[in-house]
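Peer 1: Use the sequences and the hints to build the structure in full.
The chain contents come next:
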Amino acid sequence: MKASKPEESQSSDRYGGRADLKYALHLLRRNPIVLAGVTISVASVLLALLSPLIVNPTSWNQQPLNLRLCWNNPIVNWQIANVFNCGGSAVYPLGTDSYGRSLLQMIILAIPVDLEIAFEVVASAVVIGVFFGGLAGYKGGIVDEAILRVTDVFLAIPGILLAIVLIVVLGRSLPTLTIAVLTTWWPYYVRLMRSQVLSEKEKPYVERLRAMGAGDVRILYGHIVQNSIYPVLVQATLDIGSVILTVSALTFIGLTPSPLLPELGNLANQGIQYIFTAPWLILFPGLTILIISLGFNLLGDGIRDVFDPRLRR
Amino acid sequence: MIFVLLALSVLIFYLTRGLLPPTTALAAYITPRMDDSAKLSVARALGVATTSCPSYSAFVSLQGGCVVPLWGQYVGWLENALAGNWGLTLLPGISGTDTTWHVFFSRFPYTAELAIAGAFLTIIIGIPLGIVSATHNNKLPDHISRMVSLGGYSIPQFWFGAVLQILFVLYIRVNGSGLLSANSTVATRCVICFSGVVPGEIARYSGIPLLDGILSLNFPYFWDSVVALILPALTLAITSIGAISRIVRSSMMEVLRQDYITLARSKGLKENVVIYRHALRNAILPAVTVSGLLVAYLLGGAVIVEIVFSWPGVGNASLAAANVLDINFLELYVLVTAVIIVVTNLAVDVIYAKLDPRIRY
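Residue numbers (the working numbering), protein chains in the order written: chain B, 1 to 313; chain W, 314 to 674.
Among the clues, some could well be false.
Some chain W residues well away from chain B (every beta-carbon gap over 10 Å; in silico) [unchecked claim]:
1. Arg578
2. Leu582
3. Val586
Not everything, but these chain B residues come out facing chain W in the computed CB check (under 7 Å) [what the hints assert, rightly or not]:
4. Val38
5. Ile164
6. Asn297
In case anyone wonders, no lab produced these hints; they're calculated from the structure.
This one's a predicted model, so the numbers in the text were calculated from it and none came from an experiment.
We put the CB at the ideal spot given by N, CA and C, even for glycine.
Peer 2: Pasting the structure below:
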């Protein structure tokens with residue numbers, strides 16, 4: 001494994017694993033905002049993992065219609081004339097929705113759905129971006145031109161419309177939703193990876209590898225990609241929030257597998273019909289989206305500070 | 314550009330026609346009461362069935378030589394489109410006798426108005442936020458502006474629009490009844506009526522309400538249009554405000570560290586002159602480059618905002634069109650939007666070269 005040596009020394013010179021960790025911890029201590037980002041994103045992932053244990057996962061299918069649109073949280077008073085109190089002893093901290101289900105429970109069940117789609121989309125986009133973007137940047141010439149033209153086509157259309165058409169044609173389900181959002185997302189990663197590889201491939205260590213007889217595949221995916229992937233990973237963290245926003249926007253406009261499905265945009269969609277009689281229905285799912293997406297954006301900002309040496313002061 | 318447009322039209326054509334059985338192309342045009350020969354003639358008119366196809370049932374069972382191959386359908390559609398014949402639209406609520414072209418371009422001015430207002434808000438709020446953030450680095454204004462930009466970046470647009478509606482309808486009352494002119498008839502007359510405008514109706518010269526209000530000197534109508542535009546435009550702009558102010562902030566901070574700024578300050582220039590005359594000119598460049606993306610973003614975001622605010626634009630209609638797979642409307646929407654995006658990107662390149670003499674193409 002002689003060939004991997006220059007790459008190792010390169011990466012440890014520039015990024016240095018342990019120094020990175022130290023710097024990251026230092027950033028966390030110094031910057032409470034990054035700490036908030038880490039806390040929110042870790043908490044939302046934990047909540048997503050634990051949600052089937054907290055809330056009965058089949059409760060989304062039950063419809064206690066006698067409890068629909070009621071509110072019994074004593075701290076918040078909406079001062080809307082027709083808000084009625086949930087009778088009985090059960091407490092619904094965030095009220096109930098139009099099917100009579102507890103909104104808080106539905107939100108807890110919805111978080112893993114959204115996060116899963118977001119992680120799938122971003123991970124697939126990174127893989128596609130690394131493969132095709134790396135290829136385009138490394139090979140250049142006609143391969144580069146062809147891949148760039150294809151991304152041009154996808155970037156010249158409002159992504160949301162492409163996603164809408166795809167979902168309508170392929171049928172409304174969670175996998176289709178993932179595919180539709182991915183279709184609008186991958187071109188950015190291809191572009192980003194390509195520009196990274198373009199600047200990285202001119203470095204002397206690549207020439208050294210080539211002189212040592214390493215193959216193209218090994219040089220590109222074994223060495224160049226490893227050294228130029230950090231900006232892509234930062235972008236991926238920042239994009240988790242944006243993907244959640246896009247997915248929830250799509251389900252919000254009605255492209256959902258089932259109106260009952262606990263998914264944040266879908267819950268908000270139920271809420272918009274009762275926007276002036278039961279405002280909590282749209283307020284809390286949207287607020288959840290905002291908090292999660294804010295958390296990942298803050299986390300992404302923090303990670304960028306760690307990996308971008310220019311920002312170190 | 315031609316390549317991008319052609320490829321896009323192929324992509325949309327393939328998605329709407331190529332993935333589902335050919336009968337779905339007819340679904341929105343035929344009614345149960347039609348007999349088979351009428352259905353067959355619809356299929357022929359749409360370019361899906363061949364003229365030699367003997368019967369509708371043969372078409373449904375995909376008999377050989379009955380269904381026009383996909384590329385044939387596309388070529389037929391393209392010939393019509395290039396000749397200016399974009400067919401009828403299937404949008405719900407429109408009887409199917411209105412041409413796609415007319416429906417699209419009677420709705421398009423509303424979307425244009427919304428997008429231009431969104432871009433305007435983005436520039437007049439986003440850029441100052443970025444500047445203030447950079448000049449007051451790590452002080453209170455910086456923290457506030459960073460929170461605004463990060464919040465704007467993370468907020469779901471549909472939710473922000475809904476919250477604005479809840480706030481302004483339920484909790485914040487402006488002089489009791491809202492800002493719209495109370496007498497709706499006031500807003501429907503034209504004060505100066507040019508030819509072709511029926512007295513007593515709103516004058517429509519451009520289709521853009523704001524512009525029409527000014528052109529016909531109908532100020533109640535103009536005022537109503539402004540009031541109706543504020544919340545949707547703000548909702549549309551909120552995300553891009555966050556993006557632009559971030560970019561301006563970081564580039565401004567970089568520029569302010571450079572030597573020529575120190576020189577300008579040491580010459581004894583006022584701080585405002587240094588910032589707005591010397592620094593801003595260079596700091597604004599990265600913001601100009603993303604404005605091409607911004608237009609694409611605003612047009613895409615308009616789909617969601619138009620739905621939340623029931624705005625009568627093309628974004629709202631495109632969802633309805635996608636739901637019935639109205640290929641004519643979708644193609645027109647996608648192609649017009651793509652032309653706008655591509656042209657903006659070209660314009661950005663030109664402006665960039667003007668603003669930054671170091672760049673020569």
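Peer 1: Using Cβ atoms and 10 Å as the threshold, tell me whether Val586 of chain W really stays out of contact range of chain B.
Peer 2: holds, 28 Å
Peer 1: With a cut-off of 7 Å, does the beta carbon of Ile164 of chain B approach a beta carbon of chain W closely enough for the hint to hold?
Peer 2: holds, 5 Å
Peer 1: Would the non-interface assignment of Leu582 of chain W survive a Cβ cutoff of 10 Å against chain B?
Peer 2: Answer for Leu582 of chain W: holds, closest chain B Cβ roughly 27 Å.
Peer 1: Against chain W, is Asn297 of chain B within 7 Å by beta-carbon distance?
Peer 2: Asn297 of chain B check passes; min Cβ-Cβ to chain W is 5 Å, inside 7 Å.
Peer 1: Once the shortest beta carbon distance from Val38 of chain B to chain W is found, is it less than 7 Å?
Peer 2: With a minimum Cβ separation of about 15 Å from chain W (threshold 7 Å), the hint on Val38 of chain B is violated.
Peer 1: May I ask you to check that Arg578 of chain W keeps its beta-carbon over 10 Å from the closest beta-carbon of chain B?
Peer 2: Non-interface label stands for Arg578 of chain W: nearest chain B Cβ at 21 Å, farther than 10 Å.
Hint violations for this structure: number 4 only, all remaining hints satisfied.
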